[in-house]
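Engineer: Here's the letter readout for the chains.
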Amino acid sequence: MLRTDDLLRIFHAHRGDAIVVPGRGGRHWGKISTRPSRDLPMGDPAMGGHAGFALGIALALPQNKVVLFDSEGDLLMSLGILPTVAELAPANFYHFMLDNECYATTGGQPVPNAKNVAYDVVARGCGYPRAFAFDDLHEFEAKLPDILGEPGPVLVALKVVPEVENVPIGQRKRWQTRTRDKVLADFREEFGLEGGTRR
Amino acid sequence: MQKTAEDQLSPEVVLAEMTKNGVTHVVWLPDSETNFLYQLMQAEPSLRLVPVSREGLAFSIAAGLSAGGQRPIILIQNTGLMESGDSLRGWAIGLNVPVVMMIGYRGWTRHGVNTDTAATYTERFLHAFGISYYLCESSADAPRISIAFEEAARTRRPVAVLMADEYHGFNR
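Chains as they are written, first to last, in our numbering: chain A, 4 to 202; chain B, 1089 to 1260.
One chain only, chain A, in its complex shape:
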């Protein structure tokens, strides 16, 4: 299994100017990223929506690479996003997925059939032209430049170490350093968008 902070550091070296939707990797990515105005750490507006949000960004800004760090819990809740991505086939969409086999933020209960779902196979079956699965950090590191060097869409399933939270939600320390409004305002400024439309 990979540690999420390790794999994000490896990705950071190859990020370039990609837009990053860090999803549930946001708590680590915020400490690693050096280009926060191109990051969209949305927290968890509603479970299952990170891939749709990142797809929308990819369709809206096709000249920019969009890298998503989805989770298996989110994806299971909205598997129907896969054929939508595959049909629209955005070449700038890179769909990484952190699979810790559990609902870590609710105490670590297993997701359905946690150890036996082959998400790369599911993605290919839905029409993704490329899909990979890694459970070894060095193999991931070796293959990453090729993955990012080829057009998307691509799904990369990553087995990661669970970071289970058992502290009551109201007592957890927030990892976000910016509000969602500020995140979106910074992003619009970075891309010359004003009030949701191109300047």
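Because the hints were derived from the structure by calculation, they are not lab data. Predicted model, so just to flag it, every value in this text is computed and none were measured. Cβ atoms here follow ideal geometry from the backbone N, Cα and C, with glycine treated the same way. It is possible that some hints are incorrect.
[As the list claims (entries may be wrong)] Rough simulated footprint, nothing fancy, chain A against chain B, three-plus residues with beta-carbon under 8 Å:
| id | stretch |
| --- | --- |
| 1 | 1133-1139 |
| 2 | 1143-1153 |
| 3 | 1173-1184 |
| 4 | 1220-1226 |
[Unchecked claim] Partial list, computed: chain A residues near chain B (C-beta under 7 Å):
| id | residue |
| --- | --- |
| 5 | Met4 |
| 6 | Gly55 |
| 7 | Gly59 |
| 8 | Gly128 |
[To be verified] Subject to a maximum C-alpha distance of 20 Å in a straight line, what follows is the list of computed SDA-like cross-link-like pairs (lysine to any residue):
| id | chain 1 | residue 1 | chain 2 | residue 2 |
| --- | --- | --- | --- | --- |
| 9 | A | Lys146 | A | Val157 |
| 10 | A | Lys185 | B | Ile1181 |
| 11 | A | Lys185 | B | Glu1171 |
With chain A's structure known, arrange chain B on it following the hints.
Structural biologist: Okay, now just chain B, sitting in the frame of chain A:
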């Protein structure tokens, strides 16, 4: 009661409202009330169709499109809207997305007694989420679509248009 052509909602008129208001993407799941729009939307070069397989997906996609400077519209049925409550809450209302939702009003009838619970709960659902909405029954109501776009932009909230072209299913 038989409706005349003038009483109906013309797909050309609805499409014209979309293009007039600068819609770039139609995030949609086919339904019987708005099926008549499909071929026209496909043929319109300024629109990109984004098909979803469950309505809740439409809200996060629309949020991403909007954050990226595009102007999406969501085209779904009232049944799917009701299943999408958390996505509507978190991705559309929560992110202040100024999106118009064109909602097929399954079960709507102006005459007699409504027998479809999809219609029974539609407006109650919108009230619960504090979503403003406009009823669009015929082409004469089409300017309300522009009013919905204006309100969504001004309030930075989702606004609904209930497509209540009295339930005709696929038989147009």
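Engineer: Look at each hint and say if it fits the structure.
Structural biologist: Each hint, compared with the structure:
no.: 1; hint: 1133-1139; result: holds (count 3)
no.: 2; hint: 1143-1153; result: holds (count 10)
no.: 3; hint: 1173-1184; result: holds (count 8)
no.: 4; hint: 1220-1226; result: violated (count 0)
no.: 5; hint: Met4; result: violated, 28 Å
no.: 6; hint: Gly55; result: holds, 3 Å
no.: 7; hint: Gly59; result: holds, 2 Å
no.: 8; hint: Gly128; result: violated, 14 Å
no.: 9; hint: A:Lys146 to A:Val157; result: holds, 13 Å
no.: 10; hint: A:Lys185 to B:Ile1181; result: holds, 16 Å
no.: 11; hint: A:Lys185 to B:Glu1171; result: violated, 30 Å
Hint compliance for this structure: hints 4, 5, 8, 11 are not met, and every other hint is.
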